[in-house]
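S.K.: Between the sequences and the hints, there should be enough to build the whole structure, so can you do that?
Number of protein chains: 2
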Amino acid sequence: MTKFDPSARRSRARNRNGAPTVQPDATLQPALAPIEATSSFKQKAYVALKNAIVAMDIYRSRADIRLDERKLAQDFGISRTPVREAMAQLESEGFVRSVPRRGIYVVRKTKREVIELITAWAALESMAARLITENAIDADIASLRRMFTTFESGALRAHLDEYSEVNIEFHQSIIRMSGNRVLIDMAENLFTHMRMIRRKTIVEKDRVDRSIRDHMSIIEALEKRETARAEQLVRDHALGLAEHVERYADYLD
Amino acid sequence: MTKFDPSARRSRARNRNGAPTVQPDATLQPALAPIEATSSFKQKAYVALKNAIVAMDIYRSRADIRLDERKLAQDFGISRTPVREAMAQLESEGFVRSVPRRGIYVVRKTKREVIELITAWAALESMAARLITENAIDADIASLRRMFTTFESGALRAHLDEYSEVNIEFHQSIIRMSGNRVLIDMAENLFTHMRMIRRKTIVEKDRVDRSIRDHMSIIEALEKRETARAEQLVRDHALGLAEHVERYADYLD
DNA sequence: TAGTCATTTCTGGTATACAATATTCCAGTT
DNA sequence: AACTGGAATATTGTATACCAGAAATGACTA
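Chains as they are written, first to last, in this note's numbering: chain A, 5 to 257; chain B, 5 to 257.
It is worth saying that the hints were derived from the structure and are not from the lab. Everything numeric in this text was worked out from a predicted model, so none of it was measured. Even for Gly, the Cβ is constructed at its ideal location relative to N, Cα and C. Any given hint could be a false lead.
Here chain A is said to cover these stretches of chain B; the calculated rule only asks that three of the stretch's residues, wherever they fall, bring their Cβ under 8 Å from a Cβ of chain A [what the hints assert, rightly or not]: (1) 116-123; (2) 185-197.
Cut-off 16 Å, straight-line C-alpha distance, at most; resulting in silico cross-link-like pairs (EDC-like, lysine to aspartate or glutamate) [said to hold, decoys possible]: (3) A/Lys-113 to A/Glu-95; (4) A/Lys-46 to B/Glu-95; (5) A/Lys-115 to A/Asp-257; (6) B/Lys-113 to B/Asp-61; (7) B/Lys-46 to A/Glu-95; (8) B/Lys-113 to B/Asp-210.
M.R.: What follows is the structure, encoded as structure tokens:
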């Protein structure tokens, strides 16, 4: 069942003494183009679809939103196959749901599901905080504080609406700083879901003030490498949001 | 996170007052044909492939293991399309990697990646422990203890080799008991990866003894609803494994 | 004999055709 | 007018054909 073919295709035709084989000289090319044009149609369709869905403000209405594979394929100018593969990916990430011979529908998270998302986020980010106190270099933590003071106060002054986005970015930065790819990838997905709900989340001035204080405490704990405290502050901050949603987010469901 | 919701296609045309609409009387028909869940080829291929990969003991050798779409499709007696879709799913879960015009290869986690997996697991399970102390009913926690005493001591006596599997099941039970689907789904994937590595993990008698003591402490903390302590014990238990891997698992890489 | 280069083969990516089934709508009947 | 039955339609699931590019192969040359 599994073509167990060891050592089958491994020659590489590269000689040891540095003499060029085919290319002029790879070592002279200064590591350019680390990013190749990677995108297959499937990837492009995935990105385009995801952006479209995120930008859709799906919680505004309750009406079912159906995505038509063929129409999308036409609009993108490609065939159904890559669109389908992108859809499958989005389905496994919880953004759409495919009903066998009915159609593909955009998923709205229920209140309970949102709370579960936030709770999982709390778990991941508090571990990230722990890792940061143990491993991160001072410079990175400092950059967090810089970002905080620049961004946060500015955005708050600008518009309360935009605070949620800045807020998400702050937490995303913490997770990224953990250096743990598994945590990062898992959280990335959660945050994307959060961004979709963000628009409907009413942010009161009080909550923003408290949130900023929380963030400041978190940064301080990280700077002082207070593992337990950082972990706890991060966790409680997120769980506080979960409780807020539990109480006031009746617009879900 | 997973597939279609079976409750989606359930209209059933039942009215409240018991009067028959179309059927002679729905209540008289004894709930026949509750489920007829013929899964798609894609699903079947996914399950078959995943089982095959997990059963493969890929860490025994270092040789690249390539999976041939066409051959697999032939072996399954289906076309490439559902096999490809299953592969895409497995790729997004980190079990295989598709190299554009080279082939699809089974992924071996590096030591660093394994440690990241375990760390993420620690995050998820410690949150699960917290949730259990807050929400679970006593009966469930009691069942955990029952399972522990039955299983664990028995398996230990039977074979040290099998301990790892029982160990994983214990932790999986904790996560499931949290009732948080997001945590559960994320962890399910992690545990599957852990099962693949399990075979190569040398378990010494000492470690098993300590592990069992840890488990017992965890159960006690859960029973007493000691949130902080349960959380901490679970986290440290998992992180202890991560450290063990860091020190002794040079067979990875 | 060793190396080079063209050709052939093999791979996943994509497009398209076909199949199966749920839904919709309309005609015919009572 | 209401209901039944079925055909037309719409939609995903699956199979197949084709494409581009990389690797393997083998002939040819120095």
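S.K.: Please go over all the hints and tell whether each is borne out by the structure.
M.R.: Verification of the supplied hints:
Coverage of the region 116-123 of chain B by chain A holds [criterion: at least 3 residues with CB-CB distance below 8 Å; count 4]. Only residues whose C-beta sits within less than 8 Å of a C-beta in chain A count toward coverage, and the region 185-197 of chain B has 5 of them, enough to reach three; the restraint holds. As the CA atoms of A/Lys-113 and A/Glu-95 are separated by approximately 13 Å, the hinted pair is consistent with the 16 Å bound. Our distance criterion of 16 Å between C-alpha atoms is met by A/Lys-46 and B/Glu-95, whose separation comes to about 14 Å.
Distance check on the hinted pair: A/Lys-115 and A/Asp-257 sit about 6 Å apart at the alpha-carbon level, within 16 Å; holds. With a CA separation close to 13 Å, the supplied pair B/Lys-113 and B/Asp-61 stays within the 16 Å bound. For the proposed pair B/Lys-46 and A/Glu-95, the alpha carbon gap of about 14 Å is at most 16 Å, so the pair holds. Of the pairs offered as hints, the one joining B/Lys-113 and B/Asp-210 is violated, with about 26 Å between alpha carbons and a cut-off of 16 Å exceeded.
Checked against the numbered hints given earlier, this structure breaks only hint 8.
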